[in-house]
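Here is how the chains run, residue by residue.
Protein chains: 2
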Amino acid sequence: MTKRPLSLGKVYGLLEPGPVLLLSTRHKGRDNVMTMSWHTMMDFEPPLVGCVVSGRDFSFAALKATRECVLNIPAAGLAAQVVACGNSSGRRVDKFAAFGLTAAPAKLVGAPLVAECWANLECRVADTRLMNRYNFFVLQVVKAWIDPAVKDPRTLHHRGRGVFMVAGESISLPSRAK
Amino acid sequence: MTKRPLSLGKVYGLLEPGPVLLLSTRHKGRDNVMTMSWHTMMDFEPPLVGCVVSGRDFSFAALKATRECVLNIPAAGLAAQVVACGNSSGRRVDKFAAFGLTAAPAKLVGAPLVAECWANLECRVADTRLMNRYNFFVLQVVKAWIDPAVKDPRTLHHRGRGVFMVAGESISLPSRAK
Chain A
79 MTKRPLSLGK VYGLLEPGPV LLLSTRHKGR DNVMTMSWHT MMDFEPPLVG CVVSGRDFSF
139 AALKATRECV LNIPAAGLAA QVVACGNSSG RRVDKFAAFG LTAAPAKLVG APLVAECWAN
199 LECRVADTRL MNRYNFFVLQ VVKAWIDPAV KDPRTLHHRG RGVFMVAGES ISLPSRAK
Chain B
79 MTKRPLSLGK VYGLLEPGPV LLLSTRHKGR DNVMTMSWHT MMDFEPPLVG CVVSGRDFSF
139 AALKATRECV LNIPAAGLAA QVVACGNSSG RRVDKFAAFG LTAAPAKLVG APLVAECWAN
199 LECRVADTRL MNRYNFFVLQ VVKAWIDPAV KDPRTLHHRG RGVFMVAGES ISLPSRAK
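Going down the list, the sequences are from chains A and B.
Using the working numbering, you'd call the opening residue of the first sequence number 79 and step up by one each time.
Using the working numbering, you'd call the opening residue of the second sequence number 79 and step up by one each time.
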């Protein structure tokens with residue numbers, strides 16, 4: 079797929095609905111990717127994203143050390159890989175190789191894009207004040223990519239214990255919200 | 079609808095998929111309710127929820143002063159009320175009366191439940207260290223209620239500018255995640 083840059087002011091529309099993400103890192107020459115559902119927008123522009131990365135996750139040390147990552151948004155066609163990434167640890171598995179994912183170079187950060195995802199958000203860590211207590215990182219999105227062919231992405235939304243809701247129909251309402 | 083208590087360890091399954099919420103407060107004798115999409119789980123049990131409530135929102139002062147609120151989860155049948163709550167301010171409107179919502183007493187907090195929502199989470203503010211900088215509150219869910227008749231809730235997920243994705247089908251995958 080060919081992606082185009084997305085203006086940073088539109089990033090919130092990708093993350094507000096709560097999709098499962100793949101968080102990718104590069105640390106000490108190793109690419110890794112983890113599955114993550116605990117994230118929220120925190121500001122519109124520059125876009126800030128808060129997320130929890132457990133101290134037990136291999137990605138925690140990479141994120142803490144490099145202060146860079148990519149948030150990749152998979153659609154339902156990647157459900158098997160999303161679950162496989164969640165079931166395994168980068169300590170033991172090269173998940174890109176094992177699950178047929180492609181690490182593509184990012185523009186502004188060292189962490190790789192997951193090429194198969196329809197959107198990719200290059201991020202730098204902006205605040206770690208809640209990191210020690212809650213494993214909570216505030217990320218700033220510094221570059222965003224989107225596949226312009228994807229209009230109604232069938233994002234995945236975890237309801238717990240392996241049950242995922244797949245994004246359904248879209249409705250338009252007279253909201254004055256951003 | 080008749081609700082039953084939900085064990086606190088199951089709360090994450092309600093919020094992980096990123097539904098639009100109605101956040102209700104009671105302050106100086108006034109009930110209020112606002113529409114909110116910027117939230118994330120932060121811990122399983124006791125359940126912690128991080129959320130952004132803008133300093134411009136009337137609810138900010140109520141949440142800061144009372145340190146209590148209820149997170150109510152609406153389904154698609156309430157879409158018109160969800161948007162109406164987002165388009166108006168509690169400074170000028172009694173939203174419960176104006177939009178036909180019912181304020182029901184909570185068990186452990188002073189803020190009211192929105193009775194029409196299929197799930198209600200009574201919360202106390204647990205951490206305000208990021209409140210001044212990001213309008214970010216860490217809430218602890220102290221009591222959870224759910225309508226046992228709702229199996230596949232048609233939750234609303236904001237994609238920006240009044241476009242809401244309505245929860246679609248559920249799929250079950252062999253995840254080892256909680």
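These aren't lab readings, by the way, just hints derived from the structure by calculation.
Accuracy of the hints is not assured; some may be wrong.
Which copy is meant is left open, because identical chains are indistinguishable; a pair holds if it fits in one copy or across any two.
[Unchecked claim] List time: in silico DMTMM-like cross-link candidates among lysine to aspartate or glutamate, alpha-carbon distance up to 25 Å: (1) K142 x D205; (2) K229 x E247; (3) K142 x E247; (4) K142 x D121; (5) K256 x D172.
Note that the coordinates shown come from a computational prediction; the quantities given were computed from them, not determined experimentally.
Verification of the supplied hints:
Proximity of K142 to D205 under the C-alpha cut-off of 25 Å is found in both arrangements, the shortest distances being 11 Å within a copy and 22 Å between copies. Taking the shortest Cα distances, K229 and E247 sit within 25 Å of each other both inside one copy (12 Å) and across copies (18 Å). Neither within a single protomer nor between protomers do K142 and E247 lie at most 25 Å apart by alpha-carbon distance, with minima of 38 Å and 36 Å respectively. Taking the shortest alpha-carbon separations for K142 and D121, both the intra-copy value of 21 Å and the inter-copy value of 19 Å come in at or below 25 Å.
Taking the shortest Cα distances, K256 and D172 sit within 25 Å of each other only across copies (23 Å), while inside one copy they are farther apart (40 Å).
Of the numbered hints given earlier, the model fails hint 3 alone.
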